[in-house]
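Student: With these hints in hand, go ahead and build the complete structure from the sequences.
Number of protein chains: 2
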Amino acid sequence: MIGAGNLATQLGLALSENGHTIVQVWSRTLKSAAKLAAKLKCQYTTDISLIYYETDIYIIAVSDQAIEEVLAKRLWGTALVVHTAGSTPMSILYPYCKNFGVFYPFQTFTIAKKVNFCQVPVCIEANSPQNLSVLKELAGSITQNIRLFDSDQRQKIHLAAVFVCNFVNHLYTIGAELLKEDGLDFEILIPLILETASNVMNHSPESSQTGPALRKDKIVMNKHLASLENHPDLKKLYTLVSKRIIKTHK
Amino acid sequence: MIGAGNLATQLGLALSENGHTIVQVWSRTLKSAAKLAAKLKCQYTTDISLIYYETDIYIIAVSDQAIEEVLAKRLWGTALVVHTAGSTPMSILYPYCKNFGVFYPFQTFTIAKKVNFCQVPVCIEANSPQNLSVLKELAGSITQNIRLFDSDQRQKIHLAAVFVCNFVNHLYTIGAELLKEDGLDFEILIPLILETASNVMNHSPESSQTGPALRKDKIVMNKHLASLENHPDLKKLYTLVSKRIIKTHK
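Here the protein sequences come in this chain order: A and B. Start counting the first sequence at 348; every next residue gets the next number (the working numbering). Start counting the second sequence at 348; every next residue gets the next number (the working numbering).
Same chains, same names: a pair is fine if it fits in one copy or spans any two.
Below, a list of computed lysine-lysine pairs in the DSBU-like style, where the Cα atoms sit at most 35 Å apart: (1) K563 x K461; (2) K388 x K420; (3) K461 x K388; (4) K386 x K460; (5) K382 x K461; (6) K594 x K420; (7) K597 x K460; (8) K563 x K460.
Keep in mind that the hints were calculated from the coordinates and are not lab data.
Tutor: Quick look at the structure:
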């Protein structure tokens, strides 16, 4: 396991709980390497040249900008090498490896929160049918939801994820900030957040839209903008998203 | 029940299922009035002057801008009159009613999707302790989650709701749009959407933040902006929210 961040941690745990042996963890940071190795009960190193040669699969789970740096610092022989990045094409591996692919678990991962992988879509791609079938087997050992996508499709899915996960979570953060200003607790928002998300299971998001922008309720929108007077960035965001809701539903 | 929209429908159903009798529905639109009255097995009218005088509580569940219009068209006597709007202060009722308050169920409602009220926060406010205790009893018959807020607090909560519900749902819509362009199905986003939302139950949204903006990963962010070239509004939104994530987590 090359990397010891959020994804490396959760993927490493899922693989080792499903019968795979992680033989070694590499991380640039000693502390992170040691921490993940302890969880996976395996060896660790911070020296790329000390990564073992005896393994079936190298999983590169580092940030996109570090992938090529890692690749260039070692010979990879004929072992299967995969990266786990949404927005980096598979072709980045071509100059360095003979057998390669992508293994992209499509979920949000933090170090602390254990993820149940069984419904998580794992998006795979490989440079040969043989390697694809190895990745299918690996993915199938942790999830029932295996997807075959090429690098362009994967980037589009990653971009959509930024909107529906990373940006959505930031909107939750904004909700918390606004309530905190008045000494109100975030927890009142929880039933609303869960209902809004669970609506996507049975209804299109277009048909679930509600709120002042959908109703073109200028009185309410102007009140909201007035109370965002001290938050120019939120005012801008409120206007931008409201306009887009009006445009989408006109 | 004055109004026959999303909120009037779901609140009417919840009240009538919990032992209350809705005697009559008023709506400006005959079709909507008839539709809700059929669900609630009660009378209906489109004429404000024909709203019955024999009732304990009038629930005004119309859009914010229509509240005052409805109030002005009839005498309300000593009956308890409540509105259900997040961003309209209770004081709007003062010139028209003797006994009044606010009954604001804090959830997203559509006509079609039945809402389970038992965890929904119902925010109440009244012009007297007696009226407050009537509203407490009414709220307590449909939810375990009763909240006492004044009009300023309620407006702040409503504003937060626009961010964490209405805007979040629009981000889901954007995710669907982006995937549709490449013939990809929205359904792949569902596990990610549900995980992102469920994280708020046990973790602060700040601590659950992930993604390229948090990592300050300019390579990925620039790729995403490049693939939004034909969507100037989404490019603007991507930049605005990414900047705010970076600022919040610096």
